[in-house]
Amino acid sequence: MNKERQSEYAIEMLHITKRFPGIIANDDITLQLRHGEIHALLGENGAGKSTLMSVLFGLYQAEEGTIKKDGKEVQINDPNDANALGIGMVHQHFKLVECFTVLDNIILGDEPVGKAGILKKAEARKKILALSEKYGLQVDPDAVISDITVGMQQRTEILKMLYRDNEILIFDEPTAVLTPQEIEELMQIMRNLAAEGKSILFISHKLAEIMAVADRCTVLRKGKYIGTVETKNTTMEELSAMMVGRNVNFHVDKEPAHPGDVVLDVQHMTVASKVHNNNAVKDVSFQVRRGEIVCIAGIDGNGQTELVYGLTGLEPLVGGKILMDGKDITHASIRKRSVAGMSHIPEDRHKHGLVLDYSLEYNMILQTYFESRFTDRIGFLRRKNIREYSDKLIEQYDVRSGQGSVTPARSMSGGNQQKAIIAREIDKQPEMLVAVQPTRGLDVGAIEYIHKQLVAQRDAGKAVLLISLELDEVMDVPDRILVMYEGEIVGELDPKKTTQEELGLYMAGAKRDEVKKA
Amino acid sequence: MRKVLKNQAVQTFAASILCILAGLLIGYIVLLFINPQGAGESILNIIKNFFTWSRPQSQLKQFGNTLAKTMPLIMCSLSILFAYKVGLFNIGTAGQYVAGACASLYAALAWNWGWLPCMLLAMIAASALGAITGILKAYCNVNEVISGIMLNWIALYTANTILSNVKETASPYTLYLNKENPASMLPTLGLEKLFNGNTNVTLAVPVAIIAAILVWVILSKTRFGYELKATGNNKNAAKYAGMAQNRNIILTLMISGALAGLGASLLYQTGYMRWECTQSSVPAMGFNGIAAAFLGGLHPIGAVFSSFFIQHITDGGQYVNTNFYSSQISDVISSVIIYLCGFVLFIKLTMNRVITRREDKKGAKQ
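Line order of the protein sequences matches chains A and B. Throughout, our numbering is defined as the position within the first sequence, counted from one, plus 4. Throughout, our numbering is defined as the position within the second sequence, counted from one, plus 65.
It should be emphasised that the hints constitute simulated quantities derived from the structure, not laboratory data.
Okay, the calculated beta carbon distance ranges per label pair:
no. : chain 1 : residue 1 : chain 2 : residue 2 : range
1   : B       : P182      : A       : D380      : 31 to 41 Å
2   : A       : N389      : B       : L414      : 28 to 38 Å
3   : B       : Y222      : A       : K131      : 51 to 61 Å
4   : A       : R339      : B       : Y204      : 15 to 25 Å
5   : B       : L414      : A       : E375      : 36 to 46 Å
6   : A       : K340      : B       : Y204      : 17 to 27 Å
7   : B       : A175      : A       : D380      : 35 to 45 Å
8   : B       : P237      : A       : K355      : 46 to 56 Å
9   : B       : I275      : A       : L63       : 54 to 64 Å
10  : B       : C205      : A       : K340      : 22 to 32 Å
11  : B       : R422      : A       : A460      : 39 to 49 Å
12  : A       : L123      : B       : R422      : 40 to 50 Å
13  : B       : F154      : A       : E375      : 26 to 36 Å
Bear in mind the structure is a predicted one, so any value in this text is a computation, not a measurement. Where a beta carbon is used, it is the ideal one built from N, C-alpha and C, also for glycine.
Taking the hints into account, I'd like the entire structure generated from these sequences.
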């Protein structure tokens, strides 16, 4: 094991630059992982962490920069190369075969095969049990994946890497799905692994965990390398500041809000997770009033998506109540909520927001096609009215497309697709506008436009609920901020009084208030 | 030129023609392989079908027979494509067709119903069968292909059992409609005069064509069609827009079934075919509907022409020279052609890929 080491570093990624059309995902990033250390990689969504890991795994080829293993330059063209170099990864969403046993999952892809293709499972079992003993990874090799806890599933993933004798272990947000006890266990496992000489790369945006387990931490922001620090010489505040930065790119002009009656009243809402067997939204209560923009901030995957699904009726609630204008809509259908005055700008415009193979005009009426202005009594579409309405929206909201109303939605640019959705949802004259990451992936001009529209809705006396991952947006657009962390609302902040650093601490779970339950 | 190639209708048409040519070519190769002597003549006869007859009178009469069998095929392909627009692959069309045949024949022979009630009963029975698949799909998430295939067999043997009550004692075939209950036969509307007295050409022809136009109108002009196509294109967006998915799935399969049932009625109530109560395979009509639907570019009007072509080829198979080939060869050849007809979507996809790749290359150079 203790062979002569040519280099201090197990793996080095030097000056990596990776460009995509219109965006530099990684701009001159350097990451050096020492032998036997736990190295955290910290950054917001879109900071470039995933791209960097994809480069390391050979899923992408960097335009510039080099990768070195033990000081020697290597070429990683595909994941097989990465495997051969001893690089293994535990993905955030496990890649396990649900109906296989732990043992079968561990050997999958690297099966010990004897004569005539017969599996030598006894041998594999011996190796797995030895590994599990050595690193304190308790698993039952014969349990079926779908029957075991998330924590044990994760240990299975870790054993998968160890079984393949990987030296460099990458953990992609490993604690997102674990209970506090399981997190504590995982940290101990990581320390054991590092003590045995494995090098660990720990991707996270939870500051407390980074401080607890990592030796060093590299911070990325908006595709750029910010710095690498020793965790024993830094504080959570400093890390938070490095992660979010202090840049104010734009500002939204708006008058002070004049909140009126409560429009949306969410009481003790609980929504199940689609990915794991637990609740993604846990006992959340909040209100949105007429004439105010409330923003739910938080790092991706903390239950915001499920909260919106529960609110708009895409998923049923496990518990709790939703009132709109005083009426109970907890069990109302999507259509009923929509007709009652709820508009929904969805998170994923391709998945939910548009029928891409439909023309622009057909997409413009997606929420209203059944109304008498678009459908006559027999059930025929009033094509003339549809065209006129669509032309009007295109003009009013400046939606640009190749052929106007008849343009296939698929051929439009992302910004204009989003504008079309916003035109449709706002023109419905909603009482309650739910806007989920409305500016995701858009350029500055479009972002500014959309923010103006949201403020205009507020000023027109509508209730606006904005769900956002972008810190600038969270700071600038809303009148109140609710921070969501692990399915709960952990803080209510006033954007005029708080700072990005404080917000960052809440979002990373390093700080929380007892928010009064409505 | 590239713009023309990117046009959907042009692409579909070109892909369909390519499929037909490929099918004929492979059919020809098969014939060559078995016996090179008669291959050329035989493949030509398949293409010529009724033109193989020398007298114009006979040609017309045979043309009428092909037409009579084209109508149920049109209905089956409409049934397939209607469900397909909602993203459902209704393989159960074949069984729904059987249910329609059973209902119309039994009502005609056992209860002496007139042609219209028989036709309506066929549609109701087939649509009920479609509803079973629909309900299973909507509420229990049972794959429509699986339940459709199993229902096909259930429908077949149920039909055999029921129709055994109205069959000839000496043969496995159902009784002759024209002898037992002429009122149950579809009116010819004088169409037989156009086809040299071929009474197999009936009301079925205008009914099938009107059905195709109706399906086209429903799909492209109505709220219902708007919902169906939205669901087929993007299930999530349809849900987001509050469309009643379960209701639409069930309704779609019921309509799809009714179309297939009507198809069966349009064939069996001409008296051209009788049901064989000992048959142990589901009639191919429903399955050929799949090929016809794809060959027609999944367009209701396209289905009219593609159905005619497929029936034309199938009938043409009987003119293969039996001195050189066994009589089953005709089925092999027409099946090969029909099989390749299903490749239209694949060819379209390939064409699109080639076009975009060329554009990308051009774009990269600029």
